[in-house]
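S.K.: Listed below are the residues making up each chain.
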Amino acid sequence: MFTLKNVSYKNILSIDNIEIKGQAITTLFGESGSGKSTFLKLLNRIHTNESGEITYKNQKISTLDPIQLRREVIMLPQEPTIFKGTVRDNLQIGLEFSEKEKKEDQELMKLLESLKVKKQLDDDGKELSGGEKQRVALGRIMLLDAPVYLVDEPTSALDESTETTIMDLFINFIKDNDKTAVMVTHSKEVAQKYSDEVIYMKNLMVGGATHGRND
Amino acid sequence: MDGMIDITLLQLLSAYIFILILLAIVRLRKIPREKEIIIATLRMTIQLVLVGYLLTFIFENEHVLYSIIVLVIMQVFAVFNIYKRSKIEMDKQLKKIIAVSMVTGTLFTLFYFDFVVVHFSPWYDPRYFIPIAGMIIGNSMTGVTLGVSALIEGFSSRRKEVESALMLGATPNRAARSIVNHSFDSAILPTINNMVGMGIVFLPGMMTGVILSGASPLDAIKYQIAIMLGITGSVALTVILFLYFGYQTFFNKEAQLKG
Chain C
1 MFTLKNVSYK NILSIDNIEI KGQAITTLFG ESGSGKSTFL KLLNRIHTNE SGEITYKNQK
61 ISTLDPIQLR REVIMLPQEP TIFKGTVRDN LQIGLEFSEK EKKEDQELMK LLESLKVKKQ
121 LDDDGKELSG GEKQRVALGR IMLLDAPVYL VDEPTSALDE STETTIMDLF INFIKDNDKT
181 AVMVTHSKEV AQKYSDEVIY MKNLMVGGAT HGRND
Chain H
1 MDGMIDITLL QLLSAYIFIL ILLAIVRLRK IPREKEIIIA TLRMTIQLVL VGYLLTFIFE
61 NEHVLYSIIV LVIMQVFAVF NIYKRSKIEM DKQLKKIIAV SMVTGTLFTL FYFDFVVVHF
121 SPWYDPRYFI PIAGMIIGNS MTGVTLGVSA LIEGFSSRRK EVESALMLGA TPNRAARSIV
181 NHSFDSAILP TINNMVGMGI VFLPGMMTGV ILSGASPLDA IKYQIAIMLG ITGSVALTVI
241 LFLYFGYQTF FNKEAQLKG
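Just so you know, the protein sequences line up as chains C and H, in that order.
One point on numbering: in UniProt numbering, the residue at position 160 of the first sequence is 160, and numbering is uninterrupted.
One point on numbering: in UniProt numbering, the residue at position 24 of the second sequence is 24, and numbering is uninterrupted.
Hints are not guaranteed to be accurate.
Stated by the list, open to error - Calculated lysine-lysine pairs in the DSS-like style (CA-CA distance at most 30 Å, straight line):
#1 H:Lys160 / C:Lys118
#2 H:Lys160 / C:Lys100
#3 C:Lys60 / H:Lys160
#4 H:Lys258 / C:Lys126
#5 H:Lys96 / C:Lys60
#6 C:Lys102 / C:Lys5
#7 C:Lys116 / H:Lys160
#8 H:Lys258 / C:Lys100
#9 C:Lys102 / H:Lys160
#10 C:Lys60 / H:Lys84
#11 C:Lys21 / C:Lys188
#12 H:Lys160 / C:Lys84
#13 H:Lys258 / C:Lys5
#14 C:Lys84 / H:Lys253
Stated by the list, open to error - Here are some chain H residues the structure puts well away from chain C; computed CB gaps all over 10 Å:
#15 Phe18
#16 Leu28
#17 Glu60
#18 Val64
#19 Val70
#20 Val76
#21 Arg174
#22 Ala215
#23 Ile225
It should be emphasised that the hints constitute simulated quantities derived from the structure, not laboratory data.
Glycine is no exception: its CB is placed at the ideal position from the N, C-alpha and C atoms.
Using the sequences provided together with the hints, build the complete structure.
M.R.: Here it is, written out as structure tokens:
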């Protein structure tokens, strides 16, 4: 799905050669400051690599329209934003940004339930707790039904049992719908349990990063 | 017109007693503002005397070139004043957009006023052209200054929100919408409030001037209404132009946030 060759970005990231497979879950695992978030942001062109080449579906991403690319390669940042408005607005806003059709309340309620968010659609987004914000933001990107997902520490604000529920939900969503996910985590268990492929990242160097397979 | 009652020089000097009272108060209360009060009073006096002579000259020697020179000076002053009042360093592109929006927006309003609303005759008649240009440019300057601050502040404090929107597939236009709308709101609000208080809370300077010069209050309010509408239009136009082109300078060609 993606290939990265001799890619570098500032003093944060330097990659010799990495391939990210389609319809699989790849986990970026490593210490903080090793450029995991930056890695994701290169794949959807929120940042542009200073050297080297990145391809998406065999096309150089520098030749693709960045907005169209981001509508296919949706990213959830580490600290997701809750926009001004209700919980409903916050779930729908991704669809609006991507210029897709909005969803019915019924579907949104079902999603909230499966994410274990005990709030109503009309509740103010400001009232969400840290963990609820993270789950609403995750629900928001799931509604977009994109082929590729980049998720940065999607469960960092959750307790262990909720983390498992939410991860299972998200992973099943990816697998059942033949989607591709690239996920950043600092949790070894998450990396081992959920990924088809693990990229270990060290500070400043990913070159020759160890690829682990987890079948 | 009956004309105004003449103020003799001595009578004018007697008005400075208000400043003397003020100076006495700040000295007594030990408020360290004496120097500023004296400088401000002197500046006000000297600037107005100079403007008085300058306008007398221009009015007596009515010429299209003089009106245009005054207009250009006002525009340049207004644009540099906006640059100066922004506390954050602006990039060149943003400065250019400020200048172009100010000039286009105010000129459009001024000439609409000139050729449609009032019909100055001749069109550069300095008695109308200069004060009306001054009011339009001055108010637009305040509006754009507020818009510039709000836009820069918005992009710095809500950077993550804009980036989140981009990650969800938003165009830069859509990602910046909330900041742009908020900036428009803060820029235009003082002008709207001004309209609300008009005539009740205060009699605006222009109307006072027209009444003092002997015109009937009913004639005075016609001018005042027209100029208020013109000012509102010009503030809105300059601010919209500025914001529409201005927000784009925060993004690069790859639809990424700069910096």
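S.K.: Measuring Cβ to Cβ, find out whether Val76 (chain H) lies farther than 10 Å from everything in chain C.
M.R.: Fine: 39 Å to the nearest Cβ keeps Val76 (chain H) off the interface.
S.K.: Are Lys102 (chain C) and Lys160 (chain H) close enough, with their CA atoms no more than 30 Å apart?
M.R.: holds, 24 Å
S.K.: Lys160 (chain H) and Lys84 (chain C): Cα distance at most 30 Å?
M.R.: holds, 14 Å
S.K.: Beyond 10 Å on every Cβ pair: is that true for Leu28 (chain H) relative to chain C?
M.R.: holds, 50 Å
S.K.: Are Lys160 (chain H) and Lys100 (chain C) close enough, with their CA atoms no more than 30 Å apart?
M.R.: holds, 23 Å
S.K.: Please verify whether Lys160 (chain H) and Lys118 (chain C) have alpha carbons no more than 30 Å apart.
M.R.: It holds: about 26 Å lies between the C-alpha atoms, which stays within 30 Å.
S.K.: Measure nothing beyond the straight line between the CA atoms of Lys60 (chain C) and Lys160 (chain H); if it is 30 Å or shorter, mark the hint as holding.
M.R.: Holds: Lys60 (chain C) and Lys160 (chain H) sit about 27 Å apart, inside 30 Å.
S.K.: Does the no-contact call for Val70 (chain H) survive, Cβ to all of chain C over 10 Å?
M.R.: holds, 45 Å
S.K.: Would you mind confirming whether the straight-line C-alpha gap from Lys60 (chain C) to Lys84 (chain H) stays at or under 30 Å?
M.R.: The hint is violated at about 44 Å.
S.K.: Lys102 (chain C) and Lys5 (chain C) were given as a pair; does the straight-line alpha-carbon distance stay at or below 30 Å?
M.R.: Answer violated: Lys102 (chain C) to Lys5 (chain C) is near 38 Å, above 30 Å.
S.K.: For the pair supplied as a hint, Lys116 (chain C) and Lys160 (chain H), is the alpha-carbon distance within the 30 Å limit?
M.R.: The hint holds at about 26 Å.
S.K.: Going straight from one Cα to the other, do Lys96 (chain H) and Lys60 (chain C) come out at no more than 30 Å?
M.R.: violated, 35 Å
Hint compliance for this structure: hints 5, 6, 10 and 21 are broken, all remaining hints hold.
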